[in-house]
Amino acid sequence: LRLLLIEDEVRLAANIGAALREAGFAVDHAADGVDGSLLAEQDVFDLIVLDLMLPGKSGEQVLRGLRAAGRSTPWLVLTAQHGKDWVVQLLNAGADDYLSKPFDLSELVARVHALIRRSKGGASPTMRVGNLEIDPLQQVVRRDGKNIDLSPTEFMMLEYLAHRPRAVVSKQELLDHIHDFDWDHHSNVIEVHLSRLRRKLDVPGEESIVETLRHRGYRLRVRGA
Amino acid sequence: MGLPRSISSRISLSVLLMETVAALVLIAAVAVNAYETEQEAFDANLRASANVLLSAVQETTGYEIKLDSTAQAVGRDAVYVVKDAEGHVLGARGTVPDVALPVGRAVTRSVDGRRFRLFTLAGDRIIDPDDAGGGHHPVLVVFGQPEQHVWEETMEATRFFVGATLLLQGVTAVLLVWLLRRLLRPIRDLAEAASAITPQHWEFAAPRGVEGIAELAPLQAALRKTLQRLRVAFEQRRRFTWDAAHELKTDTAIIKSSLQLLTLRPRTNEEYEDGVSKALDDVQRMQRSVEKMLTLARLEQGDEPGEGGWCCMEKVAQDLVQRAGPLAEIRGIAVVVDVEAAEVGVEEEDATLLLSNLLQNALQYSPDGGVVQVVGRVKDALMEVLVLDDGPGFPKTNAERLLEPFARSDDSRARKSGSTGLGLSICKAICERAGGTIALRNHPGGGAEVQVVLPARMRRVQDSE
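So the sequences go chain by chain: A and B.
If you count the first sequence from 1, position 1 lands on 994 in my numbering, and the numbers rise without skipping.
If you count the second sequence from 1, position 387 lands on 765 in my numbering, and the numbers rise without skipping.
Quick caveat, the hints were computed from the structure, so don't treat them as lab data.
All C-beta atoms in this analysis are idealised placements derived from N, C-alpha and C, irrespective of residue type, glycine included.
Treat the hints with care, as some may be off.
One side only, chain A facing chain B, incomplete, derived with CB under 10 Å [claimed, not checked]:
1. Asn1008
2. Ile1009
3. Leu1071
4. Ser1099
5. Gly1198
Pulled out of the complex, with its shape left as it was, chain A reads as follows (with noise of 0.2 Å):
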């Protein structure tokens, strides 16, 4: 999944981008207000992590701005101030959820998580497809208990398709959630870690688990539903 960071302070975002890097996101950074809404208006990012206090345009107007366009991604924010009103006009600005500056990561990383968890609709923490069980948090794979390994790449591809069963997901959206903008990308690259995710979790003798449909993408097959 993809996440958009936009924060002005290089060393925090260094530090939260290699915190959410690691926790298996793909992390876009703007460092003013003015990048941020450009970027934000694209439509690919799963989750948008901002920063209140922003050069050229403030976090608030960010937020207002995208939201009046109708956009439905969620946000959570980060602030340096406190006061109930203060949340008050956040919340009502638009934003999801909200961390006060200094916060934990590891709560930064939990929010992330369960805010995309519920902006796709989900309850529990873990995923269910068929026989697999997807675990965001420790971004591990199981399939009757025991532990599929995957690459990060692999894991995120799974994770986004499982995010949305029976619907089809086309090559280029794929593409725009797993990856930013720095990551070296070939053509045929999703090709290439597709076949190695269905190498991994196929059962012989079975259909295979993310079904091509040509023209128009893929989509994960939900057995026995």
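Go by the hints and put chain B onto chain A.
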């Protein structure tokens, strides 16, 4: 000792005191006048009594006289003596001092320890020539009464005035207290309005009935002016505290996140070392922020402006340029210094801080291969120092805002590590403390121009230029 510190008590006491003095003078005048009047009447009475006595003497027969019945008529405590020319006492009552007394007027003499008023009357006693010793016999009648009577009458006459005065004093006191309380009420109202002022509520509204009072107008004006100044200063303090807290919170967040990143999962030794050294950098950054805040606090709360020492601006500029040399060289920036040899009214340490902040900004914003100039000219006991660069200049609107603590120019792409937004406010504080000024503007050729004006004195007159 001393009077009470209350104005109304002082006024009341002063008025009552003056009234008392006036009353005493009046009473004294009345008493003197009454005494004189009473004495005149008393003396007339004495004369009349002496005459009565004389006629009584004339009416008696025989040389020896008896005046018992007459004595009854002249008063119980009267004394008299009737003598003939030879000094022979013809009749007497009480003791009359046996001395020569002026005839025809009253005098005061002591008789048995009591003060008596004595009147001496000379007359002729005509005894029937047919009787023994008949013919004209001159006699001297001395008649006296205690002077106490005069005093009693005087007191009687004065008593009314004393009573009236006392009554007047009482009425005045009551009226004064009432009047003063009424008149001083606006002061109390004003005090109440003033005490309602708090840092949360700066409004000062003159209470009704106070606005039109001429005596209270200067106090109100002073109150308003002071409040305005306090309010501005308080707002600045509040803003500074808020910004400083925000700054430290951000720094704390950075340090915390740097360390927490290490704890998220097991790391290799190399990763730990790298992480710890980054966290140390973050701590150092925070330390620099705190030091700058303390510098600013020291400058803003220091001694009286203009009390500092003097230093040579040219030397400060040359030293700084030498220090900045290597950095400027790497970026190909030429630093030109043209400062007159004069002393400015700033401690050398502060002058260095001031100029180094300005020079750092100029170098930071100047493009590679640019020119940074430091020009200093003295005129009318003031030195104008200009620091110019050929960078992008200050934002066109509201450049002065950058002099406020924690302000950063809007076009900065991101919060650069190490920049706290305090540098220019430290410069401003140094200038203002020395009684100088600082101004930010863009010069026509492009680039930023900072103008600093400081009090100066020539160290040595040099006309070589």
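Structure-based check of all given hints:
Interface restraint check: Asn1008 of chain A against chain B, minimum CB-CB distance 4 Å, threshold 10 Å, status holds. Satisfaction of the interface hint for Ile1009 of chain A is found here, the shortest Cβ-Cβ separation to chain B being roughly 6 Å, below the 10 Å cut-off. With a cut of 10 Å, the hint placing Leu1071 of chain A at the interface with chain B holds, because the nearest CB-to-CB distance is about 8 Å. With a cut of 10 Å, the hint placing Ser1099 of chain A at the interface with chain B holds, because the nearest CB-to-CB distance is about 7 Å.
Interface restraint check: Gly1198 of chain A against chain B, minimum CB-CB distance 38 Å, threshold 10 Å, status violated.
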